[in-house]
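Those sequence lines, one after another, are chains F and C.
In terms of this note's numbering, the first sequence is residues 1 to 199.
In terms of this note's numbering, the second sequence is residues 1 to 236.
The hints are simulated quantities; they were obtained by calculation from the structure and are not laboratory data.
Don't take each hint at face value.
Said to hold, decoys possible - Computed cross-link-like contacts, SDA-like style, restricted to lysine to any residue with a CA-CA straight-line distance of at most 25 angstroms:
| hint | chain 1 | residue 1 | chain 2 | residue 2 |
| --- | --- | --- | --- | --- |
| 1 | F | Lys151 | C | Ser6 |
| 2 | F | Lys82 | C | Glu18 |
| 3 | F | Lys82 | C | Thr139 |
| 4 | F | Lys151 | C | Leu36 |
| 5 | F | Lys82 | C | Ala132 |
| 6 | F | Lys151 | C | Pro75 |
| 7 | F | Lys82 | C | Pro185 |
| 8 | F | Lys82 | C | Ser153 |
| 9 | F | Lys151 | C | Ala186 |
| 10 | F | Lys82 | C | His5 |
| 11 | F | Lys82 | C | Pro75 |
| 12 | F | Lys82 | C | Ala235 |
| 13 | F | Lys82 | C | Leu35 |
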Amino acid sequence: MERRLSLIRGDATARDSVDADALLRSVARGDERAFTRLYDLVIVRVYGLVRRVVRDPAQAEEVTQEIMVEVWRTATRFDPAKGSATGWIFTIAHRRAVDRVRSEQAATDRIRRLAPEATQTGHDDVVDQATSHLERAQVRRCLQGLTELQKEAITLAYYGGYTYSEVAELLGAALPTIKTRMRDGLIRLRDCLGVVMAS
Amino acid sequence: MTDVHSLSGAFVLDALDERERDSFTQHMETCESCLLEVAELRETAARLADDVWSVPPPRMREAVLARVAITRQEPPRRSRAPRPRRQSWRHRTTVAVVAASVVGLAALSGVFILREQQANEQLARIEAVLSAPDAALRTGQLKGGGHLTVVISPSRDAAVVMLAQAQPYDKDHAYQLWKIRGGQPASAGVMPAGKGDAVVYVTGLLGTETMAVTVEPANGSQQPSTPILGQVPLAT
Chain F
1 MERRLSLIRG DATARDSVDA DALLRSVARG DERAFTRLYD LVIVRVYGLV RRVVRDPAQA
61 EEVTQEIMVE VWRTATRFDP AKGSATGWIF TIAHRRAVDR VRSEQAATDR IRRLAPEATQ
121 TGHDDVVDQA TSHLERAQVR RCLQGLTELQ KEAITLAYYG GYTYSEVAEL LGAALPTIKT
181 RMRDGLIRLR DCLGVVMAS
Chain C
1 MTDVHSLSGA FVLDALDERE RDSFTQHMET CESCLLEVAE LRETAARLAD DVWSVPPPRM
61 REAVLARVAI TRQEPPRRSR APRPRRQSWR HRTTVAVVAA SVVGLAALSG VFILREQQAN
121 EQLARIEAVL SAPDAALRTG QLKGGGHLTV VISPSRDAAV VMLAQAQPYD KDHAYQLWKI
181 RGGQPASAGV MPAGKGDAVV YVTGLLGTET MAVTVEPANG SQQPSTPILG QVPLAT
């Protein structure tokens with residue numbers, strides 16, 4: 001059930017549906033054109049996430065390519081009943097990025113500074129700006145609703161690629177506390193973002 | 001490690017070491033509530049990627065597409081016979097990530113409006129609503145398909161209303177938004193004709209109980225002339 005959304009982009013070309021779920025289902029049937037559209041839809045976020053975790057641009061590029069090829073290769077395993085297409089893609093992306101930093105670095109030098117590096121680049125496409133504004137504003141607002149410890153535990157793990165015991169060490173907190181803050185922080189975030197299992 | 005269950009947060013953040021990851025995965029096999037929680041928290045964690053944007057070098061696209069062209073896809077996994085305990089969860093159907101997909105999609109298509117009305121100003125107003133401390137999200141479905149999403153900020157007396165994936169009508173018809181106050185509808189804006197996706201910034205919401213949508217002639221109507229297709233209550 002793919003609907004057409006003729007989107008005017010900067011170059012005034014029309015684009016088909018941007019429904020990631022529908023696109024991924026087409027990709028699962030071997031549709032390369034759908035894959036290209038899916039790529040365009042998610043790539044700035046996938047690459048942004050990988051860069052944030054991996055840091056090194058050359059490595060980030062390599063990992064991002066592997067992720068996108070994996071999305072193609074394993075699209076047949078995507079089960080829409082278990083989550084959204086973007087959720088599925090970013091789960092793969094995050095896991096791959098984290099695997100890379102963990103294999104790259106000896107355990108001892110993994111505790112590294114979390115420089116709040118601005119990876120956002122000027123995207124002059126109004127379409128993307130509009131989306132990013134809406135989505136980012138919502139995620140940021142919801143993150144502000146967390147306690148400081150919840151927020152730090154979650155962002156260090158997600159963006160920094162740390163294990164929870166490393167996070168505990170960084171924050172000087174007890175292991176069970178961090179484990180719990182990650183969970184209750186995400187639960188609060190879930191409720192704020194309106195992520196629900198529809199009945 | 002007495003309480004495996006509480007590892008769900010660290011699990012979806014990929015923050016467990018291998019051994020814990022394995023033991024948690026094993027635990028999930030027999031824990032129905034974990035499956036549900038992990039599915040939801042995983043979607044939530046994925047939303048953190050919304051906040052990191054970085055444009056990759058254009059050569060990456062060519063490289064990926066070239067590799068895809070010569071990469072065979074894996075066969076689908078045969079679905080295992082559902083265990084009895086998982087039955088009820090499976091029947092509760094899909095994870096709907098309301099905010100993620102609807103806000104994203106609607107924003108993408110909303111560019112039509114944004115463009116015409118000075119994108120930046122409009123984005124600033126939208127952003128102000130979305131980042132207001134009291135911003136609340138309300139969602140509803142449209143008959144015949146589509147979603148209606150309202151982010152309302154009472155302190156700003158404003159809302160951002162998004163229509164997504166609604167059936168597009170011909171160029172002589174448009175979706176019209178109504179503020180319903182004391183049972184009386186007042187127009188809150190006409191969407192672009194022939195479009196099933198749009199974003200509208202609405203003010204003057206005091207006393208408005210419900211936002212509703214109907215299909216009207218392209219220029220809009222004074223009063224709804226067709227039945228309400230979808231509505232979202234605004235009261236908290």
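Comparing the hints with the structure gives:
no., hint, verdict
1, F:Lys151 with C:Ser6, "holds (17 angstroms)"
2, F:Lys82 with C:Glu18, "holds (23 angstroms)"
3, F:Lys82 with C:Thr139, "holds (21 angstroms)"
4, F:Lys151 with C:Leu36, "holds (23 angstroms)"
5, F:Lys82 with C:Ala132, "violated (32 angstroms)"
6, F:Lys151 with C:Pro75, "violated (39 angstroms)"
7, F:Lys82 with C:Pro185, "violated (39 angstroms)"
8, F:Lys82 with C:Ser153, "violated (32 angstroms)"
9, F:Lys151 with C:Ala186, "violated (42 angstroms)"
10, F:Lys82 with C:His5, "holds (19 angstroms)"
11, F:Lys82 with C:Pro75, "holds (19 angstroms)"
12, F:Lys82 with C:Ala235, "violated (31 angstroms)"
13, F:Lys82 with C:Leu35, "holds (9 angstroms)"
Hints 5, 6, 7, 8, 9, 12 from the list above are not met by this structure, while the remaining hints are.
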